[in-house]
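Colleague: Following the hints, put chains B, C and D in place on chain A, whose structure we already have.
Number of protein chains: 4
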Amino acid sequence: MSSHILTFQCPDRAGIQAAVATLLFNHKAFLIEVTSHSATNGRFFSRSVFAGDQGAILNIEAIRRDFAELASKFDMEWELVDTSRKVRTVIAVSKFGHCLNDLLHRWQLGVLPVDIRAVVSNHPDMRALTEWHGLPYVHIPVTKETKAEAETAMMRVIEDHDAELLVLARYMQVLSDDLARKMSGRCINIHHSFLPSFKGAKPYHQAHERGVKIIGATAHYVTSDLDEGPIIEQDIERIDHKASPDDMVDIGRDIEARVLARAVRWHAEHRVLQNAGRTVVFR
Amino acid sequence: MSSHILTFQCPDRAGIQAAVATLLFNHKAFLIEVTSHSATNGRFFSRSVFAGDQGAILNIEAIRRDFAELASKFDMEWELVDTSRKVRTVIAVSKFGHCLNDLLHRWQLGVLPVDIRAVVSNHPDMRALTEWHGLPYVHIPVTKETKAEAETAMMRVIEDHDAELLVLARYMQVLSDDLARKMSGRCINIHHSFLPSFKGAKPYHQAHERGVKIIGATAHYVTSDLDEGPIIEQDIERIDHKASPDDMVDIGRDIEARVLARAVRWHAEHRVLQNAGRTVVFR
Amino acid sequence: MSSHILTFQCPDRAGIQAAVATLLFNHKAFLIEVTSHSATNGRFFSRSVFAGDQGAILNIEAIRRDFAELASKFDMEWELVDTSRKVRTVIAVSKFGHCLNDLLHRWQLGVLPVDIRAVVSNHPDMRALTEWHGLPYVHIPVTKETKAEAETAMMRVIEDHDAELLVLARYMQVLSDDLARKMSGRCINIHHSFLPSFKGAKPYHQAHERGVKIIGATAHYVTSDLDEGPIIEQDIERIDHKASPDDMVDIGRDIEARVLARAVRWHAEHRVLQNAGRTVVFR
Amino acid sequence: MSSHILTFQCPDRAGIQAAVATLLFNHKAFLIEVTSHSATNGRFFSRSVFAGDQGAILNIEAIRRDFAELASKFDMEWELVDTSRKVRTVIAVSKFGHCLNDLLHRWQLGVLPVDIRAVVSNHPDMRALTEWHGLPYVHIPVTKETKAEAETAMMRVIEDHDAELLVLARYMQVLSDDLARKMSGRCINIHHSFLPSFKGAKPYHQAHERGVKIIGATAHYVTSDLDEGPIIEQDIERIDHKASPDDMVDIGRDIEARVLARAVRWHAEHRVLQNAGRTVVFR
Chain A
1 MSSHILTFQC PDRAGIQAAV ATLLFNHKAF LIEVTSHSAT NGRFFSRSVF AGDQGAILNI
61 EAIRRDFAEL ASKFDMEWEL VDTSRKVRTV IAVSKFGHCL NDLLHRWQLG VLPVDIRAVV
121 SNHPDMRALT EWHGLPYVHI PVTKETKAEA ETAMMRVIED HDAELLVLAR YMQVLSDDLA
181 RKMSGRCINI HHSFLPSFKG AKPYHQAHER GVKIIGATAH YVTSDLDEGP IIEQDIERID
241 HKASPDDMVD IGRDIEARVL ARAVRWHAEH RVLQNAGRTV VFR
Chain B
284 MSSHILTFQC PDRAGIQAAV ATLLFNHKAF LIEVTSHSAT NGRFFSRSVF AGDQGAILNI
344 EAIRRDFAEL ASKFDMEWEL VDTSRKVRTV IAVSKFGHCL NDLLHRWQLG VLPVDIRAVV
404 SNHPDMRALT EWHGLPYVHI PVTKETKAEA ETAMMRVIED HDAELLVLAR YMQVLSDDLA
464 RKMSGRCINI HHSFLPSFKG AKPYHQAHER GVKIIGATAH YVTSDLDEGP IIEQDIERID
524 HKASPDDMVD IGRDIEARVL ARAVRWHAEH RVLQNAGRTV VFR
Chain C
567 MSSHILTFQC PDRAGIQAAV ATLLFNHKAF LIEVTSHSAT NGRFFSRSVF AGDQGAILNI
627 EAIRRDFAEL ASKFDMEWEL VDTSRKVRTV IAVSKFGHCL NDLLHRWQLG VLPVDIRAVV
687 SNHPDMRALT EWHGLPYVHI PVTKETKAEA ETAMMRVIED HDAELLVLAR YMQVLSDDLA
747 RKMSGRCINI HHSFLPSFKG AKPYHQAHER GVKIIGATAH YVTSDLDEGP IIEQDIERID
807 HKASPDDMVD IGRDIEARVL ARAVRWHAEH RVLQNAGRTV VFR
Chain D
850 MSSHILTFQC PDRAGIQAAV ATLLFNHKAF LIEVTSHSAT NGRFFSRSVF AGDQGAILNI
910 EAIRRDFAEL ASKFDMEWEL VDTSRKVRTV IAVSKFGHCL NDLLHRWQLG VLPVDIRAVV
970 SNHPDMRALT EWHGLPYVHI PVTKETKAEA ETAMMRVIED HDAELLVLAR YMQVLSDDLA
1030 RKMSGRCINI HHSFLPSFKG AKPYHQAHER GVKIIGATAH YVTSDLDEGP IIEQDIERID
1090 HKASPDDMVD IGRDIEARVL ARAVRWHAEH RVLQNAGRTV VFR
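Protein chains in written order, with this note's numbering: chain A, 1 to 283; chain B, 284 to 566; chain C, 567 to 849; chain D, 850 to 1132.
Isolated chain A (complex conformation) (with noise of 0.2 Å):
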């Protein structure tokens, strides 16, 4: 059956929920899932999925023009896609292919809703594992001197595919300024490390040299300040005392994989939506 995502944020009034939810009844519209939120700071949020009711055929076009209509007068920001149409993605990754693997393995099974388009690499390891996933695998080598073209290679890569996303699968170069700000709200990246501890390299090792009990890892929108971007999603694990830095990057690995995969389904199915430096995750 054929469905639609509609995700909207505004300044939080009353008679926006009445507003849409008629809008979408008068269409013929049924509502599978709605979940919204008010913030504290005076926004609402709002994602709705919609079929047409007892088999109705829905005019996407009216719909999406009558909405354009309420957007405004509600000061929205909105989106309305067809649940069918897969998000575009590259992924980016260096010499680390667990993420990687977890997120092609994934996408195998078809439990994780994008089209990825190629892997990008500034190392040639993980070309093997790609292409026998049946995808291109680009590499793209990057020196102190070369970083610029290299980016610039990459966001080639980006829009050869027209790709909507780009996901940080353990890449370990800094985004420029510029290609941050051109990707930005569409690019993922995995810090791996609980933010906002231990930010930068080696974060195992800051936290083993710390003592910590806990270590995690984050999923977060890329921004051009480092580690800092909003967070989609956390998780962690329990050590102890005997857990060297070498057993923690390899609790990590699995913390890492899980909470990446679910920061890109959750992406891919517009359930994130952002709020100043923040996100709102409609799981």
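Be careful, since some hints might not be right.
Every beta carbon over 12 Å from chain D, so not counted as near; a handful from chain A, in silico [claimed, not checked]:
#, residue
1, LYS28
2, ARG238
3, VAL272
4, LEU273
Capping the alpha-carbon separation at 25 Å, the derived lysine to aspartate or glutamate pairs in DMTMM-like fashion look like this [to be verified]:
#, chain 1, residue 1, chain 2, residue 2
5, A, LYS144, A, ASP177
6, C, LYS765, B, GLU511
7, D, LYS1048, A, ASP125
8, A, LYS242, B, GLU428
9, C, LYS652, C, GLU803
10, D, LYS944, B, GLU414
11, A, LYS28, B, GLU352
12, B, LYS378, D, GLU980
13, A, LYS242, D, GLU1077
14, C, LYS748, C, GLU794
15, B, LYS485, B, ASP445
16, C, LYS808, B, ASP295
17, B, LYS525, A, GLU237
18, A, LYS199, A, ASP225
19, C, LYS768, B, GLU432
20, B, LYS378, D, ASP964
21, D, LYS1048, A, ASP225
22, A, LYS199, D, GLU1058
23, B, LYS482, C, ASP743
24, A, LYS86, A, GLU159
25, D, LYS1031, D, GLU1013
Hints are computed from structural coordinates only; laboratory data are not their basis. The C-beta atom is built at its ideal place from N, Cα and C for all residues, glycine as well.
Modeller: Same frame as chain A, but now just chains B, C and D:
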């Protein structure tokens, strides 16, 4: 600011949310929170919190009257309550006071929105704790011979206080079918195991015998079918081979207290709706 | 640096640890790790990792000879293995490849210390994945009529590879009592539920029907009593009323993969000892 | 049955465990529990619980004398205590009583093996709760001007009771360097955040601002470096976008209470040893 909670469930169909949101908007209500759920068995569930828009005084009786009409059209079960009206509650306990202590402490802090009217018990042990909190303690001894009378006495306490909720906070007596039915949907029990594992008595000893690596507790509505009522909340802790049954009892105490507290709170905030032996919990 | 693992269990009494530590010290061994456990049923369990002190070359055969004598005195079951010798392993799978993919990926990363020799399956589906990892795939179809032959064929694969461990990575066939006995203590199964809840088939559907708020998976040694063998590891995820049985299957995949990987790893590191239907796991 | 706990740490080398186990065996001790840890920085840590073998009465003074000699040879820091001797404890609290209530309840249940001698506070609020538990409450108001005197008064309470442990159960005053040094290794604080994130004041507001998806609490030994002492225990809860700072405070209360209770218990059971700004916790 005065606010109200509206909960309902009904057969799922198009137009419900439009109708409800429009009704509330027309009465000048501002929606603070709306959550809903379309269950796979074709039932629709919803919970809204609303207040007067921009300081408007709501005519709750008019809303109630209009909503009754709409409810009848959509075949709804519904409830409309003032958030400032706390659920009148009686707690039953036996000898183990950890759940009682936890509930009383939260109540005293003001974070458990119930109006505790009395504590009943088949043992005298918890009198001092209860009375120190300024609450009446009703000691109703139970023997095999006096079980029926004891239940009658307990029911009288419930009726005297016009209690809407009975919380079995480690009350080690099985309710009769009759009492279970009378209190249907308004009696919460904490079972000291991760149901449906280890029903019945001494679950931690059963768990130890089986060698499980995780133990848990379950808060559920009481039905005449012992330990089979709709589950409201569950939680767990990891254990290992070092845990004796006594250690499990000790660890279990914490799990039981927090699981029961959550279940009582969610019930008191009208977040729990029942669906065919299961619960919908709007957290 | 070469190191060895010594595990044993015996009736608990004074002097065991003094005798064992002294024996190893006299042979110039340096203890890298020692863990032990006195069970409530009067059994004592121990695991030591040791190497030559300050670069000394250990005479392992002499240690083995002397330990055999000590073991006989204390009535020990024991094992002394070289940490560099990986456990020869055969994996059995049916159609669901998430656990297999996870095990192969960890093995390839070098973080799962087993020597995988072959994958057997009653279905052809996982051939490409297996062979891409450079491992032989043995397709042994099973029908009601050919079950006995199929088991013989599977046993032959195990014997041909001199496999010490059989991992049932979502192998959807019940082993015969005979095979279960032959592989006693060397066959690990992943059950897709939080045992002892929901034994048998379709556990997630059972879990949905019961309305549980937490689902889990259990890795256990296989015995002739289905789903009743000693539990090695369990883990869980929280769910809510929105989770359909299919969502649970999806969430369950991750839990199963990580629970099985941990159990296989701990077994391969000789961290798991059995005690009367339960396990001691020296993590 | 009378039993003793022996803990020690020393430079790691061969023969330590043989020597210690043999010494205890020669004194007719039966080892109930032994755990040890070889840290990556070359230190060895151990904790043993022992009793007289088969009812033998141990000559603890002789053991102590012989162990002192051995300790000197291996350059050990060590402690030998009777398990029946509970750690004399003073608790400090300000206005928030959830941690205090939790500690007192566990102490009353007999599951927190400390000997609470007094509660000190810079506010009068927790007097009734404390005195109801039969404990003295010492109100020591603190102003900017009287901080030094107040600390002297607090130190006098500690000395009067010969207290070995000071628990800061949400005591909202920073200890002076001097007091921190005096109580080094014997003062446990609960910080209401997942350190090292969100040090200092109002951590839940900081956490809300940053949009984290998990909040936590940390129990640590107090050092003169605020919020930087060795971590004993941490725990967390998941939150989502719906959580306001007040909700986080509310959820945080439970985490704080259970994290602090665990840390105090482990300390009181002599399970916590310090290693270069970190802890070894023999759970």
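Colleague: Each of the hints needs a verdict: does it hold here or not?
Modeller: Hint by hint, here is what the structure shows:
A cut-off of 12 Å between C-beta atoms confirms that A/LYS28 is not in contact with chain D; the least separation is 32 Å. At roughly 8 Å from the closest C-beta of chain D, the C-beta of A/ARG238 falls inside 12 Å, breaking its exclusion from the interface. At roughly 10 Å, the least C-beta separation between A/VAL272 and chain D is not larger than 12 Å, which violates its mark as non-interface. Its closest Cβ contact with chain D, about 9 Å, brings A/LEU273 to no more than 12 Å, contrary to its assignment away from the interface.
For the hint pairing A/LYS144 with A/ASP177, the CA-to-CA distance comes to about 16 Å; that is within 25 Å, so the pair holds. For the hint linking C/LYS765 to B/GLU511, the alpha-carbon distance of about 17 Å falls within 25 Å, and the restraint holds. Our distance criterion of 25 Å between C-alpha atoms is broken by D/LYS1048 and A/ASP125, whose separation comes to about 40 Å. A threshold of 25 Å between alpha carbons decides the hint, and for A/LYS242 with B/GLU428 the separation of about 57 Å lies outside it, so the pair is violated.
The hinted pair formed by C/LYS652 and C/GLU803 fails the criterion: a straight-line CA distance of about 32 Å is larger than 25 Å. A threshold of 25 Å between alpha carbons decides the hint, and for D/LYS944 with B/GLU414 the separation of about 23 Å falls inside it, so the pair holds. For the suggested pair A/LYS28 and B/GLU352, the alpha carbons sit about 23 Å apart, so the restraint of at most 25 Å is met. Only pairs whose Cα atoms come within 25 Å are accepted, and B/LYS378 paired with D/GLU980 is accepted, the gap being roughly 23 Å.
This hinted pair checks out: A/LYS242 and D/GLU1077 have alpha carbons roughly 21 Å apart, not beyond 25 Å. Distance restraint check for C/LYS748 and C/GLU794: the Cα-Cα separation of roughly 17 Å lies within the 25 Å cut-off, and the hinted pair is therefore satisfied. With a C-alpha separation of about 34 Å, the suggested pair B/LYS485 and B/ASP445 falls outside the 25 Å cut-off, and the hint is violated. The hinted pair formed by C/LYS808 and B/ASP295 meets the criterion: a straight-line CA distance of about 15 Å does not exceed 25 Å.
Between B/LYS525 and A/GLU237, the direct Cα distance comes to roughly 21 Å. Compliance with the 25 Å bound is thereby established for this hinted pair. Between A/LYS199 and A/ASP225 the CA atoms are separated by roughly 11 Å; this keeps the pair inside 25 Å, and the hint holds. Restraint check for C/LYS768 and B/GLU432: not satisfied, since their Cα atoms lie roughly 45 Å apart, outside the 25 Å limit. For the proposed pair B/LYS378 and D/ASP964, the alpha carbon gap of about 24 Å is at most 25 Å, so the pair holds.
Straight-line distance between C-alpha atoms of D/LYS1048 and A/ASP225 comes to about 21 Å, which keeps the hinted pair within the 25 Å bound. A threshold of 25 Å between alpha carbons decides the hint, and for A/LYS199 with D/GLU1058 the separation of about 17 Å falls inside it, so the pair holds. Proximity of B/LYS482 to C/ASP743 is assessed by CA-CA distance (about 29 Å); at most 25 Å being required, the pair is judged violated. A distance of roughly 17 Å separates the Cα atoms of A/LYS86 and A/GLU159; the hinted pair therefore holds under the 25 Å criterion.
Taken as a hint, the D/LYS1031 and D/GLU1013 pair is honoured in the structure, with Cα atoms around 11 Å apart against an allowance of 25 Å.
In terms of the numbered hints stated before, the structure departs from hints 2, 3, 4, 7, 8, 9, 15, 19 and 23, listed from lowest to highest.
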